[in-house]
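Residue numbers (the working numbering), protein chains in the order written: chain A, 1 to 371; chain B, 1 to 371.
Hints in this document: simulated from the structure, not taken from any laboratory.
Values in this document were obtained by computation on a predicted structure and should not be read as measured data.
A couple of the hints might just be wrong.
Identical chains share a label here; the pair holds if one copy fits it or two copies do between them.
Claimed, not checked - Heads up, simulated SDA-like pairs for lysine to any residue below, C-alpha to C-alpha not over 20 Å straight-line: (1) Lys340 / Asp316; (2) Lys340 / Arg244; (3) Lys138 / Gly341; (4) Lys340 / Leu38; (5) Lys340 / His247; (6) Lys340 / Ala364; (7) Lys220 / Leu369; (8) Lys220 / Ser287; (9) Lys225 / Glu127; (10) Lys340 / Thr238; (11) Lys225 / Arg107; (12) Lys117 / Met99; (13) Lys117 / Gln354; (14) Lys342 / Arg276; (15) Lys342 / Ala319; (16) Lys340 / Ser243.
2 protein chains.
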Amino acid sequence: MTSYTDLNITPRTLLGPGPSDVAPRVLRALAHPPVGHLDPQFVRLMDEVQNLLRYVFETENQMTIPISGTGSAGMEAAVANFIEPGDPVLVCINGYFGMRIAEMVGRYGGDLVTIEKPWGEVFSPEEVDAALRRRPAKVVAMVHGETSTGAMQPLDGMAEVVHRQGGLLLVDTVASLGGVPVGVDRHDLDIVYSGSQKALSAPPGLAPLTVSPRAMESLKRRESKVTSWYLDLTLLGTYWGSSRMYHHTAPINMNYALREALRLAYEEGLEACFARHRANAEFLWSSLEAMGMQMHVEPELRLPTLTTVRVPDGVDEAAVRSRLLSEFNLEIAGGLGALKGKVWRVGLMGYSSQHRNVTLLLGALREVLGG
Amino acid sequence: MTSYTDLNITPRTLLGPGPSDVAPRVLRALAHPPVGHLDPQFVRLMDEVQNLLRYVFETENQMTIPISGTGSAGMEAAVANFIEPGDPVLVCINGYFGMRIAEMVGRYGGDLVTIEKPWGEVFSPEEVDAALRRRPAKVVAMVHGETSTGAMQPLDGMAEVVHRQGGLLLVDTVASLGGVPVGVDRHDLDIVYSGSQKALSAPPGLAPLTVSPRAMESLKRRESKVTSWYLDLTLLGTYWGSSRMYHHTAPINMNYALREALRLAYEEGLEACFARHRANAEFLWSSLEAMGMQMHVEPELRLPTLTTVRVPDGVDEAAVRSRLLSEFNLEIAGGLGALKGKVWRVGLMGYSSQHRNVTLLLGALREVLGG
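When you get a sec, could you build the whole thing from the sequences and use the hints?
Now the structure itself:
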């Protein structure tokens, strides 16, 4: 008979592309005994979660909820609800997650056109406009913080070119929400999702999503049912809205944790939170450059929450990561897709974005690379 | 500025249709700091979770994993992967969750035929066979433990009539797995899913799923991609299988908790666990009958994990539930669908299945109904 020991997982310092470290307060909230998904106490907590999500998204969108799955479930909810078979869709691809959106658009029957850029670069509104002049699109999708490249897509002026031709702007903020300004209403974004386990520093398992009134109107005009029942926003809206109609059993404890993580961001204040993320990232960038290393992304496009560092010539990048993990309990990640083997990915997200964590990483890298 | 207090949720005794109470050991495991989804420590834990799931499913199926969503996501994974547009599907409906399967089959383009029974009754293999003789089906779906009715569908002989005409048997065990024998291999079931938050007593947020080699062969012969990327079993298999390829960020803490909940079942032993569920259910049934109440389902078909009790004439069923919750912190549920207003639903699942909980409920009901 197999025996199973007590859970015996050595904690790490998580400086990869997510999950990030979770604050003790959030872990304690996570472990509170669950109540029912229609308990009046939980219903009040749902309202608070929605309000706090509106705070970090910087939006007044009524439809602002956590999807009961990880960030990719948020992406799929965005695609599944707003794209019907045959709908023209433009996806801007400059990294792994743009490719994933395009893959999902294909699966849901969207008529897909893509524009592409090298990994680490971004799109201008003029480039998006030019693509839309060649063919208009009902939905234009882009990634705000590309975890695979470390580039941050500027959002100024994007909604204007998308809306001018009658489309909706879908933005992936999985790696940016809570760490850098997203400004959903200020940027007039329509469909925006994120993940709980990045700069919000809750455990993985929920995907915050917000939808503009413009996009909700489009949803009402759908001619076909959303293929995914689990991610059908109209049904989800009846549970998260005032009628509280049962849809599926919400992940109760995960919502406890998300509330606490959002409350931490609320107490710190978004501006202070963004400043902390930027300061720690700049400390990382300048220190690595002082050690002779190069960042993959040019300074003005760098994502403070996720840095891609070029692996120095002659260094076995996987061996370095393995030593950081085994000797220092420190997790960073390797490159993904086009950057596989070429960069390390260092996340400074949420509770992981601490000066001391950068200090530890720099010291550990000096030991490992120097030895 | 709105203020948000510390999480202040009064614990309840959860005797509804799920979530059930979570054991302290499981809550502690849940609150352990997360590590990365590709951390060697987490990869070992994934293997353990899979082995323990095989134990409770009573199967040797290689493809046995927790889906990263609640029980309904497990249902959708089962439907989305094994039904292609145009596939003939037979769904046996005798309650709310059979209706939900039928709804999903329609959304994924299945060519749906249903057979129906009054809520609280079950199907015989002969009835399924007769339906399949009228029209064969690639997938036959039924619900083992109907949470909406409290009836338990016998599984003996079902696979034989389904396999004889070349189909796959899909079974919903959301409300039964861990509380009553499911016996996936013994009953030769093909596609079986459950939820973490019922008789397994982990928090809601994961959906155990197991798939027979016969069904995996059918999956390989699909002509179209699975519409849902998030629930695509072939992709999920590359992460949970030996290649460990990144698909989505697994809900790390939820997997800690599921492992601990499964370990509790393993330590108790399945047979002892089933006997405990049955003994507490029989105590509930005989005690309620002694109080003059009637169960909705006839004795030999009753589901030990979920009991439907007919509301006595002249009693305001919602008021009783409300008093149980507010005065005793005790949750039971009302009826769903065809049984709305007619029954209470009392769950004795997992950690909630304790003699003392039945004693508390009986006492509270005596006070509330007598007053």
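Outcome of the hint check:
{"no.": "1", "hint": "Lys340 / Asp316", "in the structure": "within (12 Å within a copy, 64 Å between copies)"}
{"no.": "2", "hint": "Lys340 / Arg244", "in the structure": "between (46 Å within a copy, 16 Å between copies)"}
{"no.": "3", "hint": "Lys138 / Gly341", "in the structure": "neither (37 Å within a copy, 45 Å between copies)"}
{"no.": "4", "hint": "Lys340 / Leu38", "in the structure": "between (46 Å within a copy, 16 Å between copies)"}
{"no.": "5", "hint": "Lys340 / His247", "in the structure": "between (41 Å within a copy, 16 Å between copies)"}
{"no.": "6", "hint": "Lys340 / Ala364", "in the structure": "neither (22 Å within a copy, 62 Å between copies)"}
{"no.": "7", "hint": "Lys220 / Leu369", "in the structure": "neither (57 Å within a copy, 46 Å between copies)"}
{"no.": "8", "hint": "Lys220 / Ser287", "in the structure": "neither (51 Å within a copy, 50 Å between copies)"}
{"no.": "9", "hint": "Lys225 / Glu127", "in the structure": "neither (33 Å within a copy, 31 Å between copies)"}
{"no.": "10", "hint": "Lys340 / Thr238", "in the structure": "between (43 Å within a copy, 18 Å between copies)"}
{"no.": "11", "hint": "Lys225 / Arg107", "in the structure": "both (15 Å within a copy, 7 Å between copies)"}
{"no.": "12", "hint": "Lys117 / Met99", "in the structure": "within (12 Å within a copy, 46 Å between copies)"}
{"no.": "13", "hint": "Lys117 / Gln354", "in the structure": "neither (32 Å within a copy, 60 Å between copies)"}
{"no.": "14", "hint": "Lys342 / Arg276", "in the structure": "neither (28 Å within a copy, 57 Å between copies)"}
{"no.": "15", "hint": "Lys342 / Ala319", "in the structure": "within (13 Å within a copy, 65 Å between copies)"}
{"no.": "16", "hint": "Lys340 / Ser243", "in the structure": "between (48 Å within a copy, 16 Å between copies)"}
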